[in-house]
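K.L.:
If you want the building blocks of each chain, they are given just below.
Protein chains: 2
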Amino acid sequence: AERKNILMVYAHEEPKSFNGSMKDLAVQALKRQGHNVEVSDLYEMNFEPRTTKKDIKGNPKDKDYFKYPVEAGIAFANDNLSDDIKAEQDKVRAANLIIFQFPIAWGSFPAIMKGWLDRVLCYGFAYGDGKFMDASPLNGKKVLLSFTTGCPAEFYTNTGLLGDMDILLWPMQNNLRFCGFDILAPQIVYAPAHCEEKDRDAIIEAWQTRLKGLIKEKPVRFIPLEDFDK
Amino acid sequence: AERKNILMVYAHEEPKSFNGSMKDLAVQALKRQGHNVEVSDLYEMNFEPRTTKKDIKGNPKDKDYFKYPVEAGIAFANDNLSDDIKAEQDKVRAANLIIFQFPIAWGSFPAIMKGWLDRVLCYGFAYGDGKFMDASPLNGKKVLLSFTTGCPAEFYTNTGLLGDMDILLWPMQNNLRFCGFDILAPQIVYAPAHCEEKDRDAIIEAWQTRLKGLIKEKPVRFIPLEDFDK
Ligand SMILES: Cc1cc2nc3c(=O)[nH]c(=O)nc-3n(C[C@H](O)[C@H](O)[C@H](O)COP(=O)(O)OP(=O)(O)OC[C@H]3O[C@@H](n4cnc5c(N)ncnc54)[C@H](O)[C@@H]3O)c2cc1C
Ligand SMILES: Cc1cc2nc3c(=O)[nH]c(=O)nc-3n(C[C@H](O)[C@H](O)[C@H](O)COP(=O)(O)OP(=O)(O)OC[C@H]3O[C@@H](n4cnc5c(N)ncnc54)[C@H](O)[C@@H]3O)c2cc1C
Ligand SMILES: [Zn+2]
Ligand SMILES: [Zn+2]
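Here the protein sequences line up with chains X and Z, keeping their order. Each residue of the first sequence is one higher than the one before, counting from 1 in the numbering used here. Each residue of the second sequence is one higher than the one before, counting from 1 in the numbering used here.
One should not assume that every hint holds.
The list treats identical chains as interchangeable, and a pair is accepted whether it falls inside one copy or across any two copies.
Claimed, not checked - Derived lysine to aspartate or glutamate pairs resembling EDC-like cross-links, with alpha carbons at most 20 Å apart:
1) 198 / 217
2) 91 / 227
3) 63 / 84
4) 216 / 182
5) 54 / 38
6) 131 / 166
7) 91 / 62
8) 131 / 24
9) 91 / 38
10) 91 / 44
11) 4 / 197
12) 54 / 199
Please keep in mind that the hints were generated in silico from the structure rather than gathered at the bench.
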């Protein structure tokens, strides 16, 4: 069996949380299978979520009009991004699979993880110059969104208060697809804080079962580029 | 004419940006109409996006297992939230209308603004204890999402690469509706960096025209609570 590199990008304030358990289980299981696992524990790292001038070493190209996406692209090309961004990009470059583990917050990534996406997946590194989707430098890598919710599954249907989960998944997953990642089916744990102990145990077992075959899983089908208008 | 309180929550790294112009125009027009306008300039404030223990003054209720949403709710009830969160909540409390002005980032709010939502709209303040949508303490206030994109409008259709804009709007707007806000139609500026000067001028004029009648605008229809399964 081939040895793979897995990056776990993890965001929870509390190691004992359900998210913490999901992360620990994945790290243990994948290591036991002989893979390399790297963890970016964003709260532990106090990861910077804001896109600012500090992300660029030295002077921005245009010091009178700071265009973040443009300057980040130039800094990437010249190896002038801040060290924290470079460290994460190195981990992404090495990874065959990235697992994002997080509690859903206002229907999306928590801010600290959103900041990881905003800062790490910059122009030149993840897309740009006509390179996106299968042409992205990151193409071939896989992504799995593994997250928990506060609300039960019934809220996330097309007649439920928070709408069909697929609608929330679209912006989260499609932008990763845009950056070339192949998307594995998400691992969604509904309302772990509001269910019984035995339900939680069942969720944990299902995750452990999935982890056994994770490395061999095929991505979900996203519409290929040639099928789009633009 | 009644004097209203407007809160502008603004996120852009550069004052000269198109977003900066959209913000300035709104502030000027609404002040000229005699309204009070408060601006939260998130980058200027270096607003903290991360949800951490620092958001709670004194000791968390459970110091061995930090549950952020629970602790934030308790801290809100006991007036123990950090001063930066309290200051924003005071502005929200006073506001009749909140305008969010931002460049879209990976199909959603930039991280710094996502952090504003994650931290300010806490349990007890914006929802909770069975109180949400029309029963939220914030009900009656209006929200307008005003944002720019990098990609042109054709990308944001149901056959376009980034999908129908309504799908991206759903998680952004519906969670604000959940917190009781009435939602005004969004102001979307497509690709201001990639169009001609005259197109930008037309966009600016359209915004100025809209701003004249903004305070009297009716919200878009969201399905009322009694129509939902849950
Ligand atoms: C700003 C903000 C916005 C939010 N927005 C949304 C939203 O839009 N939609 C939504 O649905 N929710 C929302 N939430 C709620 C949030 O998603 C949930 O609080 C979170 O997903 C719960 O996961 P957790 O890891 O924190 O659970 P925890 O509360 O840490 O854990 C739940 C239970 O699991 C137990 N547990 C831990 N490990 C194990 C194990 N190995 N085996 C068995 N049991 C275990 C714990 O003891 C605990 O009793 C929001 C929360 C915040 C802070
Ligand atoms: C992390 C990240 C993720 C992103 N993800 C996405 C995404 O998912 N989808 C997407 O579509 N885009 C995305 N983008 C691109 C981003 O949304 C655009 O760069 C942004 O919306 C452009 O707005 P701006 O205010 O920065 O424009 P600017 O570049 O500041 O302005 C554009 C032009 O307007 C001119 N201008 C300014 N004021 C005026 C005025 N008053 N009158 C006339 N002209 C004026 C300026 O001189 C400039 O030439 C992303 C960017 C980043 C950094
Ligand atoms: Zn579904
Ligand atoms: Zn549409």
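K.L.:
Are the hints correct? Go through all of them and say.
P.N.:
Structure-based check of each hint:
In this assembly of identical chains, residue 198 and residue 217 lie within 20 Å of each other by CA distance neither inside one copy nor across copies; the values are 27 Å within and 50 Å between. Proximity of residue 91 and residue 227 under a CA criterion of 20 Å is satisfied in neither setting, with 32 Å inside one chain copy and 47 Å between copies. Taking CA atoms no more than 20 Å apart as the test, residue 63 paired with residue 84 passes in neither setting, with 22 Å inside one copy and 30 Å between copies. Within a single copy, residue 216 and residue 182 get their C-alpha atoms as close as 13 Å, which meets the 20 Å cut-off; across copies the closest is 46 Å, which misses it.
In this homomeric assembly, residue 54 and residue 38 never come within 20 Å of each other (Cα to Cα): the closest approach is 25 Å inside a single copy and 27 Å across copies. Neither within a single protomer nor between protomers do residue 131 and residue 166 lie at most 20 Å apart by alpha-carbon distance, with minima of 26 Å and 26 Å respectively. In this homomeric assembly, residue 91 and residue 62 never come within 20 Å of each other (Cα to Cα): the closest approach is 30 Å inside a single copy and 35 Å across copies. For a Cα distance limit of 20 Å, the shortest separation of residue 131 from residue 24 qualifies neither inside one copy, at 35 Å, nor across copies, at 35 Å.
For a Cα distance limit of 20 Å, the shortest separation of residue 91 from residue 38 inside one copy, 8 Å, qualifies, whereas the shortest one across copies, 42 Å, does not. Only within a single protomer do residue 91 and residue 44 lie at most 20 Å apart by alpha-carbon distance; the minimum there is 17 Å, versus 31 Å between protomers. Taking the shortest Cα distances, residue 4 and residue 197 never come within 20 Å of each other, neither inside one copy (33 Å) nor across copies (50 Å). Within a single copy, residue 54 and residue 199 get their C-alpha atoms no closer than 45 Å, and across copies no closer than 33 Å, so neither meets the 20 Å cut-off.
In terms of the numbered hints stated before, the structure departs from hints 1, 2, 3, 5, 6, 7, 8, 11, 12, listed from lowest to highest.
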